[in-house]
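S.K.: On the provided structure of chain A, position chain B with the ligands as indicated by the hints.
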Amino acid sequence: MIRSHTATGGDAIPSRGSLDDATLLVAETGAPPAGLPAQAHRVMDLCLPGVLSVSEVAYHLQLPGAVVKVIVSKLIDSGHLIARAPYAPLAGQHDENFLRQVLDALQKL
Amino acid sequence: MPYKSSDRYVPPGARSVKIVVLGPFAVGKTTFVGTVSEIRPMRTEEEMTQAGRLVDDLEDLRGKTTTTVAMDFGRLTLTDDIVLYLFGTPGQHRFRGMVRSLMEGALGGLVLVDTRRIADSSDAIDLLEEAGLPYTVAINHFDGAPRYAESDLRDSLSMPDHRPLVGLDARMFSSAKQGLIVLVSDILAHFRPEPAR
Ligand SMILES: Nc1nc2c(ncn2[C@@H]2O[C@H](COP(=O)(O)OP(=O)(O)O)[C@@H](O)[C@H]2O)c(=O)[nH]1
Ligand SMILES: [Mg+2]
Chain A
1 MIRSHTATGG
11 DAIPSRGSLD
21 DATLLVAETG
31 APPAGLPAQA
41 HRVMDLCLPG
51 VLSVSEVAYH
61 LQLPGAVVKV
71 IVSKLIDSGH
81 LIARAPYAPL
91 AGQHDENFLR
101 QVLDALQKL
Chain B
110 MPYKSSDRYV
120 PPGARSVKIV
130 VLGPFAVGKT
140 TFVGTVSEIR
150 PMRTEEEMTQ
160 AGRLVDDLED
170 LRGKTTTTVA
180 MDFGRLTLTD
190 DIVLYLFGTP
200 GQHRFRGMVR
210 SLMEGALGGL
220 VLVDTRRIAD
230 SSDAIDLLEE
240 AGLPYTVAIN
250 HFDGAPRYAE
260 SDLRDSLSMP
270 DHRPLVGLDA
280 RMFSSAKQGL
290 IVLVSDILAH
300 FRPEPAR
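Protein sequences, first through last, are from chains A and B.
Counting along the first sequence from 1, when you hit position 54 you're at 54 in the numbering used here, and nothing is skipped either side.
Numbers in the numbering used here are just positions in the second sequence, counted from 1, shifted up by 109.
Chain A with its partners taken away, still in its complex shape:
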């Protein structure tokens, strides 16, 4: 199987730049997958029952990551999926409380 990453620097596909391998995908239940192209339909079939990351979608569907990112971007644009980007302090999301929760949870494991 082949997977790939989205590199920095956007072009062709608008929402693609924000898609991380660890971005979580949430299906919009109000947007029926009927009529979607076959691969997009497979992505929705996988995502409708629960939340998964972009990498897991690629893995479960045995599709290259680059391909999944293109399909997912279109599904976000069409309102079928909502993307939840990973928490990353460097990206300017400062939430000390969240980091403490990460640490506490690790210590309790």
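These are calculated hints, taken from the structure and not from any lab test.
Any given hint might turn out to be false.
[Claimed, not checked] Reference listing, derived: stretches of chain A covered by chain B, where coverage requires no fewer than 3 residues with Cβ under 8 Å from a Cβ of chain B:
| id | region |
| --- | --- |
| 1 | 55-67 |
| 2 | 72-82 |
| 3 | 99-106 |
[To be verified] Label-pair restraints from in silico Cβ distances:
| id | chain 1 | residue 1 | chain 2 | residue 2 | range |
| --- | --- | --- | --- | --- | --- |
| 4 | A | His41 | B | Met281 | 35 to 45 Å |
| 5 | B | Arg226 | A | Asp95 | 33 to 43 Å |
| 6 | B | Glu147 | A | Pro37 | 26 to 36 Å |
| 7 | B | Arg149 | A | Ala38 | 19 to 29 Å |
| 8 | A | His41 | B | His299 | 40 to 50 Å |
[Unchecked claim] For the chain B half of the interface with chain A, some residues (derived, Cβ under 7 Å), not all of them:
| id | residue |
| --- | --- |
| 9 | Tyr118 |
| 10 | Pro133 |
| 11 | Ile290 |
We put the beta carbon where it would ideally sit given N, CA and C, even for glycine.
M.R.: For chain B with the ligands alone, kept in the frame of chain A given last:
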């Protein structure tokens, strides 16, 4: 760990956090990710162009000669609100395109070191420093591998003093977990909220 399909999804309200695990071939990345992961660790092959750039569009996938680089990823649900993803990949300079894109959006990095070939982990440290991403260096102790004083290790790795250096056994959950705890503690300790605007 046996894989169950009921384990497939993460809690619906969860936010993800990403940590990258870097280091040369056979240093224990796959082992580390597998030890920590609650799901069967997933191994994938990334395609790179000969120029070392990541294949990132369909055009690239269609034609040109590419080389592959292995990547492992695993998952650890921490609470109903937080799920940790671990991505393990070689940190060598020739894979820098891939490593850079993987570091984007990451909380931090863990660099694994084998004391029989310390210098092989330097590229990973360089890439993390260059990206300004917080990281912790972990000596993965192999049987019969030499043991050095911390100051010597830091020298050999050209590691800044403020970055943590720990020892661990990637095969043991409690030990691997400790590496993550040191990394997150250190990030928290240096955490400076941005002034309110
Ligand atoms: N003694 C010892 N062996 C280890 C440890 N971690 C990994 N190994 C072994 O080292 C070999 C390479 O590990 P692997 O995880 O595949 O390395 P990778 O190439 O960095 O993914 C495997 O045979 C592991 O079983 C460790 O902490 N101690
Ligand atoms: Mg490996």
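S.K.: Each of the hints needs a verdict: does it hold here or not?
M.R.: Hint by hint, here is what the structure shows:
{"no.": "1", "hint": "55-67", "verdict": "holds (count 9)"}
{"no.": "2", "hint": "72-82", "verdict": "violated (count 0)"}
{"no.": "3", "hint": "99-106", "verdict": "holds (count 7)"}
{"no.": "4", "hint": "A/His41 - B/Met281: 35 to 45 Å", "verdict": "holds (43 Å)"}
{"no.": "5", "hint": "B/Arg226 - A/Asp95: 33 to 43 Å", "verdict": "holds (39 Å)"}
{"no.": "6", "hint": "B/Glu147 - A/Pro37: 26 to 36 Å", "verdict": "holds (33 Å)"}
{"no.": "7", "hint": "B/Arg149 - A/Ala38: 19 to 29 Å", "verdict": "holds (27 Å)"}
{"no.": "8", "hint": "A/His41 - B/His299: 40 to 50 Å", "verdict": "holds (46 Å)"}
{"no.": "9", "hint": "Tyr118", "verdict": "holds (3 Å)"}
{"no.": "10", "hint": "Pro133", "verdict": "violated (20 Å)"}
{"no.": "11", "hint": "Ile290", "verdict": "holds (5 Å)"}
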